[in-house]
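Asks: Using the sequences and the hints given, assemble the complete structure.
In case you want the letters, here they are:
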Amino acid sequence: MDLASAKMIGAGLACIALVGAGIGIGNVFSALINSLARNPSAQVTTWAFLGFALAEATGLFGLLIAFMILFAF
Amino acid sequence: MATESPLQQFTIHPLADIHIGRIDLSFTNSALMMLVAAAIVTGVMVAAGSQGKLVPGRLQAAVETLYEFIANMVEENVGAEGRQYFPFLFTLFMFVLLGNLLGMIPYSFTFTSHIIVTFALAATVFIGVTLIGIARHGFHFLSLFAPHGVPKVLLLLLVPIELLSYCIRPFTLSIRLFANMVAGHTMLTIFAGFTGSLGIFFFAPIVMDSALVLLEFLVAVLQAYVFTILSCLYIKDAIHLH
Chain A
1 MDLASAKMIG
11 AGLACIALVG
21 AGIGIGNVFS
31 ALINSLARNP
41 SAQVTTWAFL
51 GFALAEATGL
61 FGLLIAFMIL
71 FAF
Chain B
1 MATESPLQQF
11 TIHPLADIHI
21 GRIDLSFTNS
31 ALMMLVAAAI
41 VTGVMVAAGS
51 QGKLVPGRLQ
61 AAVETLYEFI
71 ANMVEENVGA
81 EGRQYFPFLF
91 TLFMFVLLGN
101 LLGMIPYSFT
111 FTSHIIVTFA
121 LAATVFIGVT
131 LIGIARHGFH
141 FLSLFAPHGV
151 PKVLLLLLVP
161 IELLSYCIRP
171 FTLSIRLFAN
181 MVAGHTMLTI
191 FAGFTGSLGI
201 FFFAPIVMDS
211 ALVLLEFLVA
221 VLQAYVFTIL
231 SCLYIKDAIH
241 LH
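If you read the protein sequences in the order shown, they are chains A and B.
Read in our numbering, the first sequence has 13 at position 13, and its numbers run on one by one without any break.
Read in our numbering, the second sequence has 178 at position 178, and its numbers run on one by one without any break.
Since the hints were made in silico from the structure, they are not lab data.
Incorrect hints may have been included.
[Said to hold, decoys possible] Example chain B residues on the side facing chain A (calculated, C-beta under 8 Å, incomplete):
no. : residue
1   : S5
2   : L7
3   : I175
4   : R176
5   : A179
6   : V182
7   : A183
8   : T186
9   : L222
10  : Q223
11  : V226
12  : I229
[To be verified] Think about it this way: if two alpha-carbon atoms lie no more than 20 Å apart in a straight line, the pair counts; the simulated SDA-like pairs of lysine to any residue are:
no. : chain 1 : residue 1 : chain 2 : residue 2
13  : B       : K236      : B       : P147
14  : B       : K236      : A       : L50
15  : A       : K7        : B       : L7
16  : A       : K7        : B       : S5
We treat Cβ as the ideally placed atom computed from N, Cα and C, and that holds for glycine.
Replies: Structure follows, in structure tokens:
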């Protein structure tokens, strides 16, 4: 296998990290909707967005590796 | 496929060449955007604060909202002792926020999309927090790495984990901001690059990009917020230990 195709495959594999980010973000907002449905006066929205940002960042670490494989090496 | 690399928008090019010895101190587009961000923050704050009316006008109300937003964040997360770190956290928030938002202007430059910029900010927070902790607690600061009420045997496992999670803080803090900015802007460029190649469906990437721009504005504000609140939590750790 030559380097160019190995790079493409590697970048694609690195994007699997986004599965975890998707699950995490879904979890965060499902919990937010759940809690707001049970107790509409709960002050949890800022924490939900903090959780969203943290969960999203983990997926972006994988995406970053994909970019590094494709463009940096 | 876009003919040019979607990462081209992040290239730094010197606007004025300055070389001192072998050190390259050129004034770059990155430095220019940082100056613009600092100038806007200073200008708006001074303009809003110098009047100081009892019943605020529009500008003063906006600035007071920002002030209270960060002041409440510090108050809630760090407590009363956090007041003295408020100026630093507010400056940090405004600088990162302006950096992210200025990057959303088409054809401008996002200085937070460079790991060295965000890492410098995160390292400042990290070193500062460590020094605050050591200055306040001395050797007792090390108890940050040993949670209370844990069996002695587990400490063998927990202390290295806590130590590691403490030491990677500047990296996670900086990579989070930098990766969000790079990924967002790259995604916009890649989708925009599809416009020409899709023929009669040229409108699809444009619709997608319009939605993504909204998301990017959310991310720009959110990441500035996350950067600041995590700095808050680190300062809280250093002041109150566990």
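Asks: Against this structure, judge whether each hint is valid.
Replies: Here is how each hint holds up against the structure:
no., hint, verdict
1, S5, "6 Å, holds"
2, L7, "5 Å, holds"
3, I175, "6 Å, holds"
4, R176, "4 Å, holds"
5, A179, "4 Å, holds"
6, V182, "7 Å, holds"
7, A183, "5 Å, holds"
8, T186, "7 Å, holds"
9, L222, "5 Å, holds"
10, Q223, "6 Å, holds"
11, V226, "4 Å, holds"
12, I229, "6 Å, holds"
13, B/K236 to B/P147, "15 Å, holds"
14, B/K236 to A/L50, "17 Å, holds"
15, A/K7 to B/L7, "17 Å, holds"
16, A/K7 to B/S5, "16 Å, holds"
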